[in-house]
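Chemist: Dock chain S against the given chain C, drawing on the hints supplied.
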Amino acid sequence: MSITPAPAATAKDGSPIRYVDIFDSIVNGTNDSLTRRSGDHYAHFAVGYGCGDSYYLVNNFGCGGTCYRGFTAQSILLGQAGSGNPKLTGSMYTSNDCSGSISKVGIASGQTTGCIPISGSGDSGKRAKKEALYLLLPEYLTKMVEADSFLHLARPLGPALPGSQPTTAPLNVIIQPQAIFSILDHSLRRNTDSNTDNERVIGTLLGVRSEDGQEVEIRNCFAVGHTETAEQVEVDMDYQKQMLQFHLKANPKEVLVGWYATSAELNTFSALIQNFYGGQGDGTWPHPAVHLTVTTDAGKEIETRTFISAPVGVTADRAADSAAFTPVPHEIRYGEAEKSGLELIAGAKDNKDRTASVPTDIEALERQIEEVLGMLDRVSKYVEAVIEEETPPSSALGQFLLNALALAPKVDPEDIERDFNNHIQDVLVVSYLANTIRTQIDLSNRLATAALTLGAGDGLGGGQTNGTGTEGRERGQRGGRGQRGGGGDRGGDRDRGGDRG
Amino acid sequence: MPGPTNTLLIEGSFEELADELAHYIDDVQKKQNPESANTQAEIAPLLEKEQKDEALKKLVTASDVLNTAPEKEFIAAYNLLVHLIRQSPNLDKFLPKICQNLSSPIKSSPTNGPGLALTILTTIFNILPPDNDTRYHVFFAVLRVVRASSSFELLRPQLKSLDSWIGAWETDEEDQRKLYLEIANVAAEAGEDAQSYLYLLRALRTIPVEEVSSKESQALAVRALKSALNHPSHFDFQDLTSSDPIQALRKSDSDWYDLLEVFNAELLDDYNDFLESHDDFLSNAGLDGSILYRKMRLLTLASLAASTPSRSLPYQHIARALKIPSEDVEIWVIDVIRAGLVEGKLSQLNQTFLIHRSTYRVFGEKQWTEVQGRLDTWRTSLMGVLEVVRSERIKMAGERERELRELEGRVNGGGGGMGRGMGGGRGGPRDFDMGMD
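Protein chains in written order, with my numbering: chain C, 1 to 501; chain S, 502 to 938.
Footprint (simulated), chain S over chain C, 3 or more residues, beta carbon under 8 Å:
| no. | region |
| --- | --- |
| 1 | 268–280 |
| 2 | 298–312 |
| 3 | 320–330 |
| 4 | 394–405 |
It should be emphasised that the hints constitute simulated quantities derived from the structure, not laboratory data. Keep in mind the model is a prediction, meaning the values are calculated, not measured. Note that CB positions come from ideal geometry on N, CA and C, so glycine has one too.
Only chain C is shown next, with the shape it has when bound in the complex:
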């Protein structure tokens, strides 16, 4: 395999590209000695789509990008120490100098490894041309990724209903997970192949406002079609109005509270749409319209933000198509029951067939005890560190622990075992009785139908003539073999039908 020296190039983000030819590495044994500059990172080039047989391993490559060429791998397993951000990413290219991007691959959020089948998907034309993989490990940030940092003390002074004072009291937004799920679903179903580059989708938010108007709860939403081009935006207003009316009919307690978009970017179109939703007549006037943005980039954390808006500009024309978005605090809130439900659903995400079984009570109990044990371990570790004078003690924390521990019951395993056995026996008796009753019912059903089919078969069988009669009887027999009363019954009916024919 001949290796053409690659031209000196830099990646799009400015980091220099190193070129590594994997064939050369393997055949000639040149060591892929990359300096390690951050945590452990690796990429396995594997035979087969499931990242099974690794034939080449790149270990601990440093920050910046590296272009790998000449591989025959069918899948690549990317991995990194810790599940934190930023993540290692890889990009597939059609040309061996890492240009002509086809697809991006990466590690899912919260995971430490990601298996990417590189020729299993995509259209065949592109697949054939896959030549190079560009792996990029972003510089590890010394600082934590910045959380949104903003201050919200007062809302912009808005219009007031007649008879009430306008207010500048701050606003707080609560989002029910149901709404977020709908939004994500909408985003997944968006039209991606058309010429209009609708990267984001929008929709209407419905919910309730607290009496003093300081808290808005987003409970529901529906999608609204829109098209955006560089010059203009079109929103299907008739549809929005109709749909809103239907929704209000179905849920009279909910009101229009604002709108959502699935992009974190705000632009002048956002301002336009925001002014429409906050406007008089069909909008949320005199309350502020809440704008919720949800990012839906695959493989990245979902980020949500909420805004209200204030006018900008001193002329009416300017004010109409501009807005100053004010970030407001929000919280995704769900109840205990919803939480366990969501956890159950989330459990399916790591399974290939996307299923999760509902744990039985006793399994759930076991898991919870394990969780509590985990927490206890954590606390014990801290207390040990304090006693060994490794950690500065916090007397407030100690006092709190002591108070909490004063409540912990002391339970003997024997007691639990005895209680448990008593309970289990009860449960078993109940289940045994239930089964017995079920058997009884089954039995009596069968006895009843058996008598019917027997009687019918006997009575009618005598008068049968050749062709149809035989057919009917055969069917009847098939029904009989089904071991179900119903089957036998049906057979009987057919017999009679056949007789009449």
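Modeler: Showing chain S alone in chain C's frame:
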């Protein structure tokens, strides 16, 4: 998780917008003082020459008149101004003036003025990058407005991000102290003594060890101490004793330190001794004698409860330690329970107080060992429970399966037999049929 880079969305070139704003400022100015309404005329030539910063300087200087703008237009006009100055590389130069304007009362809107000012200040705060230390100054302006309008309750929920802000701004200790003290003052004025104390303490912690003997440090230490002592429901003095500036008081103001020692770990008798030896100390220091005496009694009772291994205290014992008549014992016990220092039951019949749990005033190694011991006990018992649950689950699953199999077998056996029976039943006529054929 970086937010959107731009939240102020307005179309139009800098020149157009600046011109519009100047026009507006002139309109407002005309109502006050028609002669000086010439901002637009002044900035027009500057805009033509593209001297943006000069034009902005004029606009910002003239912007104090916006305080008299109608409250409906106030926010829109200010947002426009903020949008304009944000485009300047010398943003820092203009902000002090704007913050100052916003800190002064807004004449056109006496009721909503502070709200309006806060809206603009928070907008400025939010458009600055999170690690820009100019935010610190804007936040100070926010504090000024909050103080003037006594609206601490608005600020309070936001203070939880303060630590991350200070981290991002890389504020030095002196500025941190200023900020904490200002918050403590605002909180004290709003009557939030507990919050005020919390920030005093944090301010105290910013004093570096080498400066603990300075006048400023001493004054601050005494102030924090006083605030802690005077607060009727503050019982934890340990965090104070561990602070360096307070330790430094031992040399400079030994009386204060002695008093703190008494409150930290000693009993009512020691407190009385202290009072006898320091005649006018309380009144001179501005401390409330009755609150202090009451607190001392509650603390003494807590100590008493903590040091009773048998977990039951006779009434006389309490009465003697607290120097109260024995009929008042129950009232005091209830008070101490309400203060959260002790939990327990009063037994009137036996004239004893049965203690469930008590607070340790000094949380030392012994207490930590106790925590560890209890944790271990809990762990062991929970492990036992887990074992039982696990084995029962397996047993139950096995038993269920066996039961089910047995039942299935029985049902299938019985049902199967019947199926055969039915087949046979129907087989009969067929045989018969065949016989006929």
